[in-house]
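Chemist: Here are the chains, one letter per residue:
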Amino acid sequence: MTVTTPQSTAVAAPAEIRAEPRRRPDMDTARWPVAVLGWLGSLLLFSPIAYMLLKSFQSEIDAASPAPRLIFQPTLGHYRDAFGAGFWAYAGNSIAVAVVSTILVLVLAVPAAYALSVRPVPKAQDVLFFFISTKMMPIAAGIIPIYVVAQQLNLLNTVTVLIILHLGMNLPLAVWMIRSFLQEVPGEVLEAAAMDGADRPRIMRSIVLPLIRPGLWATALLSCVFSWNEYFYAVNLTTTASTLPVFMQKFLSFGELYTAQVAAVATVVSVPVVILGWICQRSLVRGLLFGAVK
Amino acid sequence: MTAIATGASPAKTTRRGSWSRRAPLLPALVITLALTQIPFVLTIWYSLQRWNLLNPGERSFTGLANYQATFTDGTFWKSIGNTVVLTAGATVVSMAIGLVLAILLQKKFPGRGLARTLAITPFFIMPVAAALFWRSAMFDPSFGLLGWLTDLAGLPRVSWLSEQSMLSITLITSWRWTPFAMLVLLAGLQAMPDEQIEAARVDGAGWWWQFRGVILPHLRPFLELTALLLSMNLIQTFGEIALLTAGGPAYGTTNITYYVYLRAFNSFDFGTASAYGLVTLVLTIALAMPALRLLSGIFRQEGRR
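Protein chains in written order, with my numbering: chain L, 1468 to 1761; chain B, 11 to 315.
The following block holds chain L by itself, in its conformation from the complex (with noise of 0.2 Å):
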């Protein structure tokens, strides 16, 4: 690849350029389908969620109705009700599992990910897959034990069980995550640091840290995303002391009549992730592919 790279881009430029002012046209009609379809291939991804803002402001008469009605008297109402039933204890629960599991995950992975980049330890790759094995196996393998285990320590049914285990769930992704951005500092900058006699800590708070923040954030919010939308444990280990994905259960029971209920509820519960999750984006394809892409 190398070697046919600077052969076929000296071919390609001068052709580029000169045919440039003729292929404008057809360049400008080739574009129009692929924009079209572009756009019809994502909000046909997006309709269901566009379907479900719509439903959020209608009254539940007018959501029964399975013809989307596009006209019709918006309310607020079902809003305002999101919030009733126990719902901010929920929210609670679940901002609290997402911001304290995420602190310890970054507080963890940190130092773990400079000891498998900057300062590597010795076989620092096999580390590295013995956590991304982690991930790839079956949680009802362990949630027996993990039942089992919070029963006798008294943990059943409570936050800290989900802390716990959210925190074993994101760790091994926020390794990743961090190692990918430590090595793309450059090792110049740590050298000349050291040089001028700083110590390693200080080299990692002032010069590390600060360069890698962006990816800090990142981290910090796909695992709050993955925190906030866990299902599995939550619902095995936790009833009433638990997150919002388990307050959203109950509207099971509540059947067909209220579905703009559930979609104003829906609504709110998604907000807050749905906004992390454009935010950093462009990392979680870093981070779900564990770095091998930049």
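It cannot be assumed that every hint is accurate.
Said to hold, decoys possible - Away from chain B, derived, C-beta distances all over 12 Å, residues of chain L:
no.	residue
1	1540
2	1574
3	1625
4	1663
5	1703
As the list claims (entries may be wrong) - Derived DEER-like restraints, expressed as beta-carbon distance ranges:
no.	chain 1	residue 1	chain 2	residue 2	range
6	L	1742	B	259	32 to 40 Å
7	L	1592	B	33	16 to 24 Å
8	B	152	L	1554	24 to 32 Å
9	L	1684	B	29	46 to 54 Å
No lab work stands behind these hints, which were simulated from the structure alone. Backbone N, C-alpha and C fix where the C-beta goes; we use that ideal spot for every residue, glycine too.
Once you have looked at the hints, place chain B on chain L.
Modeler: Showing chain B alone in chain L's frame:
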């Protein structure tokens, strides 16, 4: 990469030096080991016991009896079959649509950034919330949008969650995972040198030949990786099943995760549920191994670049 490697040359690291290197790693490593490996060891131990929470006095060691029960349980095999169908179906659908979308959204057009953002959104919506909304506003035979669409098409109304339960679950999980496939493949396309496409275009290759001859070979490792990441996650599908079909009708949508859940938390049969869990683990490892090998392959390539 090379600078780091020489810094780590083992000849120069003293024993104390290597422990000061290891110290920052240890807390994270110990916690990950404790939270992931200890449960599996305990699962092995539990799976050799007769242990039902409803008869607490009867807990005893039974050897391989739970495994015998597992392998002779028709529903267990059915749940494995369902897992394969759901995982394969949703992976194929998500990848096919995700690939087409990635190719479209890589090209420049007005509002591309917004289109990408909208397309990725289903992946972030709380799955439990989305499942509940789909249940009442999409799948419901009398009030759902899908019923209206089948009416428009002149087709009979379908009670989606009971008559086409597996199709419904596949549909909603594909909806959630297509954006993820799109995002990964988009990253793969962006890692492709422009010169390759340009050279093909200059050679007069049509879009189909550009796709087959240049894009597809370049994307191959990314496609494999996407397939593996999707299937690793789809094997664990739980929320959608719990909220939409509760595994029914007649265990028709019970996948292995949901079956372990039913055994453990509805029948309280911890011994057998542990055996199910372990068999699942073995099957998943068989799938995870190629994934890890593939990832380490991509890493070696990155190193060379």
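Chemist: If a hint holds in the structure, say so; if it doesn't, say that too.
Modeler: Quick rundown of the hints versus the structure:
Non-interface call for residue 1540 of chain L relative to chain B: holds, since the shortest CB-CB distance, roughly 19 Å, exceeds 12 Å. Taking the minimum C-beta to C-beta distance to chain B, about 9 Å, the non-interface status of residue 1574 of chain L is violated against the 12 Å cut. At roughly 16 Å from the closest C-beta of chain B, the C-beta of residue 1625 of chain L stays outside 12 Å, upholding its exclusion from the interface. Here residue 1663 of chain L stays apart from chain B, with its beta-carbon at least about 18 Å from theirs, past the 12 Å limit.
Once the 12 Å rule is applied to beta carbons, residue 1703 of chain L is inconsistent with being away from chain B; the minimum gap is 6 Å. Range check, residue 1742 of chain L to residue 259 of chain B: about 38 Å between beta-carbon atoms, so the 32 to 40 Å window is met. Taking the beta carbon of each, residue 1592 of chain L and residue 33 of chain B are about 19 Å apart, inside 16 to 24 Å as hinted. At roughly 29 Å, the beta carbons of residue 152 of chain B and residue 1554 of chain L sit within the given window of 24 to 32 Å.
At roughly 32 Å, the beta carbons of residue 1684 of chain L and residue 29 of chain B sit outside the given window of 46 to 54 Å.
In summary, the numbered hints that this structure violates are 2, 5 and 9.
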